[in-house]
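Participant: What follows is each chain in one-letter form.
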Amino acid sequence: MILEQELADIIALCRTGNRKAQEQLYRQLYGFAMAIAMRYSRDAHDAADIMSHAFVKVFRSIQSYDPSKGSFHAWLKKIITNEALDHIKQRSRFSNVELEKAEEPHVDNVIIEKMDAEGLMLLIKQLPPATHAVFVLYVVDGYTHQQIAAQLQISEGTSKWHLSEARKILQQKLSNYKQ
Amino acid sequence: MNQLLQYEQLLAEKIQQSPVPDMADAIWANIELELDKDLPDNPGNEPPSSTPGGGGAPGISFYFYIVTGVVITALVLTFVLLQDKDKPVQPSALPPLREAPAENTPVIDNSLPPPPTRQGSTPLIIPRIDSSNTRAADPIINRSFADSLFNQPVGRMTSDSVTIKDNARLGAPVTLAIDSAMKQKEIPGKKPRGVPGITDDDYKIKSEKKDSTKG
Numbered sequence: 001m002i003l004e005q006e007l008a009d010i011i012a013l014c015r016t017g018n019r020k021a022q023e024q025l026y027r028q029l030y031g032f033a034m035a036i037a038m039r040y041s042r043d044a045h046d047a048a049d050i051m052s053h054a055f056v057k058v059f060r061s062i063q064s065y066d067p068s069k070g071s072f073h074a075w076l077k078k079i080i081t082n083e084a085l086d087h088i089k090q091r092s093r094f095s096n097v098e099l100e101k102a103e104e105p106h107v108d109n110v111i112i113e114k115m116d117a118e119g120l121m122l123l124i125k126q127l128p129p130a131t132h133a134v135f136v137l138y139v140v141d142g143y144t145h146q147q148i149a150a151q152l153q154i155s156e157g158t159s160k161w162h163l164s165e166a167r168k169i170l171q172q173k174l175s176n177y178k179q
Numbered sequence: 001m002n003q004l005l006q007y008e009q010l011l012a013e014k015i016q017q018s019p020v021p022d023m024a025d026a027i028w029a030n031i032e033l034e035l036d037k038d039l040p041d042n043p044g045n046e047p048p049s050s051t052p053g054g055g056g057a058p059g060i061s062f063y064f065y066i067v068t069g070v071v072i073t074a075l076v077l078t079f080v081l082l083q084d085k086d087k088p089v090q091p092s093a094l095p096p097l098r099e100a101p102a103e104n105t106p107v108i109d110n111s112l113p114p115p116p117t118r119q120g121s122t123p124l125i126i127p128r129i130d131s132s133n134t135r136a137a138d139p140i141i142n143r144s145f146a147d148s149l150f151n152q153p154v155g156r157m158t159s160d161s162v163t164i165k166d167n168a169r170l171g172a173p174v175t176l177a178i179d180s181a182m183k184q185k186e187i188p189g190k191k192p193r194g195v196p197g198i199t200d201d202d203y204k205i206k207s208e209k210k211d212s213t214k215g
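Quick note, the sequences are listed as chains A and B, same order. Here the first sequence is numbered in the numbering used here, starting from 1 and rising by one per residue. Here the second sequence is numbered in the numbering used here, starting from 1 and rising by one per residue.
Simulated from the structure, these hints should not be mistaken for lab results. Computed from a predicted model, the values in this text were never measured in an experiment. In this text, a Cβ means the ideal position worked out from N, Cα and C, and glycines have one as well. There's no promise every hint is true.
As the list claims (entries may be wrong) - For lysine-lysine, the following PhoX-like pairs were computed, each having C-alpha atoms within a straight-line distance of at most 20 Å: (1) A:K78 with A:K89; (2) A:K125 with B:K14; (3) B:K37 with A:K20; (4) B:K37 with A:K114.
What the hints assert, rightly or not - To be clear about the criterion: a stretch of chain B counts as covered by chain A if any three or more of its residues have a C-beta under 8 Å from a C-beta of chain A, and this derived list gives those stretches: (5) 13 to 22; (6) 67 to 73.
Only chain A is shown next, with the shape it has when bound in the complex (with noise of 0.2 Å):
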């Protein structure tokens, strides 16, 4: 875990261009860079991509990192999630479905429980692409139906809708995973 002063002293250097503090950044956050891409991709070569156009544009433009608007952390996590949601929409098209509220089926916790993290994060990758992101984007990010529409240019009632999309569908998987 790196401490916060070092991590200010290798972004003071990667402002200037710094060949090998570019690198000791890149791979002191690769982990948590990483885990970011791989949630939203198909996969790890997709998740490989993602992190490739990512860090260049975070090199490009460290200049305009400011540390009094949050953390280096949050600055990096907004721009691979961007990355990979560009990605999404290049392959796939989000639906005109508006939906009032989503669904909320019944799963059962035990299930959950007892698979692994690979595991679930087979059965979420196996949802449709645009379901996929906002799954991921509203459970396991934490991004509200109002900004996962302005992140994805679509409106709250088609996130919604979504939502309710990938909650039926990881129901039927987690059923038949139980049987």
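Chain A is already provided as a structure; the job is to place chain B on it using the hints.
Facilitator: Relative to the frame of chain A, chain B by itself:
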């Protein structure tokens, strides 16, 4: 704060703790390649473009290469153009020289009025000699005498022949003069020139020495 279902909370916690694949080196190689495109000539630690919000602007070396390329191109074009100017005019542009007219082509002397000519023929100024009876080194002889020679069958000339005697009487020097109009090109298959039986020796005046010892 979103209202998550219970299983969704468990799901979110497990997903956030999921392991990540070890692809750090491969990903860094791609990042480095992209960052190198933004660097100037010096691959050291020079700072990248300070444009806020990112974006790679071309460095000074980029413009230097552009200017150098333009200058070199201009020099090459100038050299090529100068080379073309120095080249002499190709002789092939000029019409080919015409060969000298054939020997049996009549020569036109513009100082004399042209005689009446037949249609399609070239006017002759110099007295025309029948080409079939001329030889390359005929002596200058009277035209009428030449006609008399060519029109009558003549045997072998001897020293006491009428012809030689006539020549001597006339006192006309027997000289060889070559008139270009009379010169004939021997054409294979054509009738031989001269009078059959008469050679050049026949025209030579030989003085016989009387041998006083003989009776």
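Participant: None of the hints should be skipped; say for each whether it holds.
Facilitator: Hint check:
1. A:K78 with A:K89: Satisfied, since the Cα-Cα distance of roughly 16 Å is no more than 20 Å.
2. A:K125 with B:K14: holds, 15 Å
3. B:K37 with A:K20: With a Cα-Cα distance of about 17 Å, the restraint between B:K37 and A:K20 holds, given a limit of 20 Å.
4. B:K37 with A:K114: Measuring from Cα to Cα gives roughly 48 Å; hence the hint is violated.
5. 13 to 22: With 8 residues close enough to chain A, the hint holds.
6. 67 to 73: violated (count 0)
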